[in-house]
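Given only the sequences and the hints, what does the whole structure look like? Please build it.
In our numbering, the protein residues as written are 9 to 286.
Misleading hints may appear alongside valid ones.
Only pairs whose alpha carbons sit at most 20 angstroms apart, straight line, appear in this in silico EDC-like list of lysine to aspartate or glutamate [said to hold, decoys possible]: (1) K203 - D145; (2) K170 - D200; (3) K170 - D145; (4) K203 - E190.
Beta-carbon label-pair distances, calculated as ranges [said to hold, decoys possible]: (5) Q277 - Q11: 24 to 34 angstroms; (6) Q11 - R69: 16 to 26 angstroms; (7) S192 - E63: 38 to 48 angstroms; (8) S192 - P59: 40 to 50 angstroms; (9) P82 - V28: 23 to 33 angstroms; (10) A147 - G72: 13 to 23 angstroms; (11) D145 - S29: 29 to 39 angstroms; (12) F189 - A147: 24 to 34 angstroms; (13) G224 - V133: 38 to 48 angstroms; (14) P230 - G276: 17 to 27 angstroms; (15) R187 - Q11: 34 to 44 angstroms; (16) E75 - F189: 34 to 44 angstroms.
The set of hints was computed from the structure by calculation and includes no laboratory data. All residues carry an ideal CB built from backbone N, CA and C; glycine is no exception.
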Amino acid sequence: MSQPTALSFGESVVDIYPDVSVVAGSPVHLAAHLARRGWQVTLATRLGDDPHAAEIREVLRRYGISEVAVESDPLLPTGSVTINFGGEGHSFHIHSPAAWDSLELLEVPHADVVCFGSLIGRSPVARSALGRLLAHDFAMRVFDVNLRPPDVHLETIRRGLKAATVVKVGDDELVEVTRSFEVSAEANSLFDLGKNLEWAAVTHGARGAELWHRSGRSWMQPAAEVQITDTIGAGDAFTAGLVHGLWNGVDGDEALAGAVSAAESILGQRGGLPPLES
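Below, the structure written as C-alpha cells:
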C-alpha cells in the first residue's frame, strides 16, 4: 500500500505555560501524530518572523512534516497561547491577531486527506483560505469542531459540517453545535447537518468516546485509568488515531479503540506532540 498523504490546515502556535513554552496548535499536533504513523504530511499555516516561528519550523523538521505550504508574515507575530492552571484544570488565552489569521493558501497541495478545524473561522482572511481549500477534492475531509469562545464563527462550523466526511466534537461542543443549528443534542444529529458526512466521533474525556456511522451503526469505547499531566492535544491525538484507522479500512470499533488509545498515550506528558522515539 502506498504511503497516504495528508494536508493539515490552520493555526500554529506556541503554548506558553508558567514554566515552559511548547510548540502546539491542533493542526500541528495532528500533523505530527500522522507523521509518526508513517503518513506523508504537509502543514498549511502562517508564521511570523520571530523566535517562535523558528521553534515551530524546527518541530516540523524533526517530524518530517513538509513546510511547502507554510507562509511567512512580515508584520504579524507567530501565534501564541497563554496557559494557566487552576483547581479545575487549565484555562488559556489565544492571542490575537496572529500570523495564522492571515493564512492565504493561494496554492492547495494535493493530499488524500485534508484536516481542518473551526478556530480558523475567526479571521475573514483565513476564512477565504478555507474556502479555497474546500473547493478542492480530497478522498477524506476531517473537521475538528474546536469551540474556543470568543473565537467561534457559526458559519465556518456550518461550512465545515457540510464539507466533511468525518467530524470530531467534544461532548460539550456537541451540545453547543446542535443547539445553534436547532437539531437534537445527539451525535447522529450531525448527519442532518452534512450530506457528505459518513463518520461522527464524540469524545467524553475520562468517560471515553463514541463513534457513529451514517448507516446508524455506533460504537462506544471507555477510557482507561491513566495518570494525567496535561490534557492539551489529547483530542488531536484522538483524531489522528481515528483518521489512521478509518483510512486503513478497519471497522468502527477498532478505529475508535485506536483513537482513544492515541489520546491516552499523551496524557502523561506536557504538550500534545507525540514522542519522537519509537
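Assessment of proposed distance window 13 to 23 angstroms (beta carbons of A147, G72): Holds, at about 22 angstroms.
17 to 27 angstroms as the expected CB spacing between G276 and P230, which holds or is violated: 18 angstroms, holds
Hinted pair K203 and E190, Cα distance within 20 angstroms: Measuring from Cα to Cα gives roughly 17 angstroms; hence the hint holds.
P82 paired with V28, Cβ distance criterion 23 to 33 angstroms: 28 angstroms, holds
Cβ separation of Q277 and Q11, checked against the hinted range 24 to 34 angstroms: Once the Cβ atoms are compared, 27 angstroms apart, the range 24 to 34 angstroms for Q11 and Q277 holds.
Cβ distance range 29 to 39 angstroms for D145 and S29, holds or violated: 38 angstroms, holds
Assessment of proposed distance window 40 to 50 angstroms (beta carbons of S192, P59): 48 angstroms, holds
Distance restraint hint 16 to 26 angstroms, applied to the beta-carbon atoms of Q11 and R69: 19 angstroms, holds
Cβ separation of E75 and F189, checked against the hinted range 34 to 44 angstroms: 36 angstroms Cβ-Cβ, so the 34 to 44 angstroms window holds.
Verdict for S192, E63 (Cβ pair) under range 38 to 48 angstroms: Check passed, 44 angstroms falls within 38 to 48 angstroms.
Hinted pair K170 and D200, Cα distance within 20 angstroms: 9 angstroms, holds
Distance restraint hint 24 to 34 angstroms, applied to the beta-carbon atoms of F189 and A147: 26 angstroms, holds
Violated hints: none; the structure is consistent with every hint.
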